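Work out the full structure, taking the sequences as your base and the hints as a guide.
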Amino acid sequence: MTTTEATTHAAEPHDDDHMEAAHDHHVCSIAAFVVIILSLLFLTFVTVLVSLFDFGAANMWIAMGVAGLKAVLVMGVFMHMLWDTTINKLFFICSFLFLGLLFLFLFVDMVARSDLEIIHGRAAPLNFKEMSEQSAPDSAEYKFHSQFEGK
Amino acid sequence: MTAIPATPVEETQPIEQKNYLNVTKTFMSWAGTLDHKRIGLMYLIGVTFAFLVGGLFALMVRLHLWDAIINPDGTTTGGIFTPDKYNQYFTMHGVFMVFMFIIPAIPASLGNFALPLQLGAKDVALPRLNLLSFYLWLAGTLMAIASMVMGQIDTGWTFYTPYSIYTNKAVIMMGLAVFTLGFSSIFTGLNFIVTVHKLRAPGQGWFRMPLFVWAIYATALLQVLATPVIGITVLLLAFERLYHIGIFDPHFGGDPVLFQHFFWFYSHPAVYIMILPAMGIISDVISVHSRKPIFGYRLIAFSSLAIAIISFIVWGHHMFTSGQSELALFIFSFLTFFVALPSAIKEFNWVATVWKGSISLEAPMLYALSFLVIFAVGGLTGIILGALSLDIHLHDTYFVVAHFHYVMMGSTAMAFFAGLHHWWPKMFGVMYSRFWSNFAAIWIFVGFNWTFLPQFVMGSEGMPRRYAHYLKEWQGYHQASTVGAIIIAAGVAMMVGYLVMSLFNGKKASNNPWGGATLEWHTATPPVLENFETQPIVDRDPYDYTLVIEAARKGEL
Amino acid sequence: MSHAGHTVPAPEGFVPHVVAHHFESQEQEYQSAKLGFWLFLCTEVLLFGGLFAAFFYYKSMYQADFVRGGELLAWKMGTLNTVILLASSYTMAMAVRSAQLTKKKAMLNYLLITLICGAGFMVVKYFEYTSKIHHGFLPGVFFVPNAEALIEFPGLLDFPRLNLFFALYWTMTGIHGFHVLVGMFLMVWLYWRGKKGHFHKGHYMPVDLVGLYWHLVDLIWIFLFPLLYLVP
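Chains as they are written, first to last, in my numbering: chain A, 1 to 151; chain B, 1 to 557; chain C, 1 to 232.
It is worth saying that the hints were derived from the structure and are not from the lab.
Each hint should be verified, as a subset may be incorrect.
Among the chain B residues that face chain C by a calculated CB cut under 8 Å, a handful are [as the list claims (entries may be wrong)]: (1) M150; (2) V224; (3) T233; (4) Y243.
Predicted model, so just to flag it, every value in this text is computed and none were measured.
We treat Cβ as the ideally placed atom computed from N, Cα and C, and that holds for glycine.
Structure, rendered in structure tokens:
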């Protein structure tokens, strides 16, 4: 790897370049903002309206779906994501994806947990005394558990 | 390829050359510095202090375990501390080592120093944030020390509930310390991501960056995405202790397993935050000290990203006996095997790099070679633990302790030493003693294995971890382990000794004592404040040594 | 290479911006700061996301209790707060736009309105919280509905896990409220600097970044509101 002499950057102000550069950033029109805020207010109205009805299991999905739509509007226009660099968009979207991993595996754990069945009364609680009696009444486990009997 | 000796060359320039170390000398110019190299040095001092404190706790634990026997009738003999104190000391060992040493060590000290140099930049993208990161690290460390004074904690570094809710110790203060240290880590990672994206030198495409930069970048992704979750977890734990909000407390309907999910969602990526920068150092060091281009550059680069991504979906393998659903257990175990693939790719590529290279056995290389051996063992034992059926027996035994010391100490810490010795001449402009550095490297390798190899055997035979007393049958292993710990301590003392000595009477180092091809070796030693006299332009690979060899032949190195 | 950063000229009556010395150009500085700030927003997503995960986790564990808990919340005040925050997002976006076009007076006005909206949010929150405290709906172990609440909301004691619902309610809205307060402080800071003429079409980055922060606070509330308040 060579290091060749590059033209050193003198301290001359790059007037027009920098004014241009700042100017090149997208400036949103007022109309766009107005359309978005009206849509958001409308969707808020929808959110409250929908909550008055019971769609069973779909309730959560509908509520989060509408919220997601509002979020996309805020992110895309108010936060300028539509006109931003790819990398900024990528990072922000990815954070939701990684959060989704946390949700996904927690959900997997919850859905299949046997002790939750006990909590909700769909399964009988484990009876350790009975279990160790069945395995080996003379076992150390049985003796260990029976000392807590009645306490 | 003929071997080129890496002997330092006497500088012909005047002695008091202005570099980043001596350009300003007041206390405030250091305390308020925005220079990444100075910040890296301050971090270096800080993490060394944390390493020594953590090491001290480790010694105390191991000395206690020399003869801490529990007899069949329940009475105990030997040992130095009460079980309560013992719990506090191994907890402190873990907390100091994990949060104050290993997670920040390589990125914040060596990464801060070398990354902008390797990118041909004048500094990191956000220098004030960099300084804030350092002060957050300092504040977190002071809070951790405060919690030591205020009552210590005895929960283990994992703070599992419900014990951590009810134990009458300084858990909240330590939780706040972890929160603060977490933000230090987040801001460092954030800074590095922006620097790598925006401040590369002209001509330096992504695939002309040194692999150390790739590694730090992957680490930074983890730091930014995973660390907030431990932040919210310790905050919730603090609220739980203060107000019993019930989130993790079964008395109030909460679920302790949820705490474990939240904790390990961060702490598993955290262990990759620890190992990825280490792997980056090894890639650089092995290539330079074998004077051979790295084998499989793109594979190693992509494997760093692959490790980062896969690390987010395997955290449940720390919780195989926690009471998760069987479905979750199965999925986590299955996914854990995948994380071995990118690590194995790196290991093979490093070996292929060394093969038929022109190897110079200096201290950096000795530590790197140690890494290759130790990481193989550490990684493979990780796979053993990832196998669900085996882990049921091995969980919470010394097998786990040995595994993570092999990867955290034997691999990450060794790589840290490798990087320290590799960049020491660049950082301070002096060379350390060749004899003592080589001797200490071999000494520490021996001491390390002496300490932790017996622990694998103990663990597989059933010796549980975190026990203040053990059955007589384990005493031989424990005593061997304790002897090893003392050997390591002596080795570390040696290292600190000759490194500090080198600052006072080490030989002046040349700009490129090892013959490296990356940008940091093509500027003054120590570097000037703005890193480069003129903006470097990158027009070749970071591991292309043709020009370096030419320069050495002409005697210009 | 110069040690001092180069200066970006400003329109008449405004303060010129000095680019930090380690950047090659103002554009590099702007893009670096923006990327850095988006990354910070990612950490906020993960931070709040953890709380949402805990909420979903316990909601599916204790469905009846969480439905009852939602009924106890003041959804009208929540809706009002939603409208206030959405409006403040609009005014914040307009403030950024004004800065981009060097319209100082408009920018200051929009910042002021955003600040007032934030304050309005906190005022509504104050009334909401005092009502909860009055009824004894506090988090965790302090959840002790008083006699008045028990008459107003019959059958509360049939739901043993309301303490957990309110623990999450207080924690999530509390941390969100803290973020609103920080945002208000940033608004004041922007107003103060803006009055001195620091922001113009040559340099509006701080307004842009605070705007992103404020929109994130709004984003969080957009998800928080239906989840907590609106009982399906």
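(message) Under 8 Å is the threshold here; is the Cβ of B/M150 close enough to any Cβ of chain C for the hint to stand?
(response) 23 Å, violated
(message) Min Cβ distance, B/T233 to chain C: is it shorter than 8 Å?
(response) Holds, because the Cβ-Cβ distance from B/T233 to chain C comes to roughly 7 Å (cut-off 8 Å).
(message) Under 8 Å is the threshold here; is the Cβ of B/Y243 close enough to any Cβ of chain C for the hint to stand?
(response) 5 Å, holds
(message) Min Cβ distance, B/V224 to chain C: is it shorter than 8 Å?
(response) 5 Å, holds
Against the hints set out earlier in the document, a violation occurs for number 1 only.
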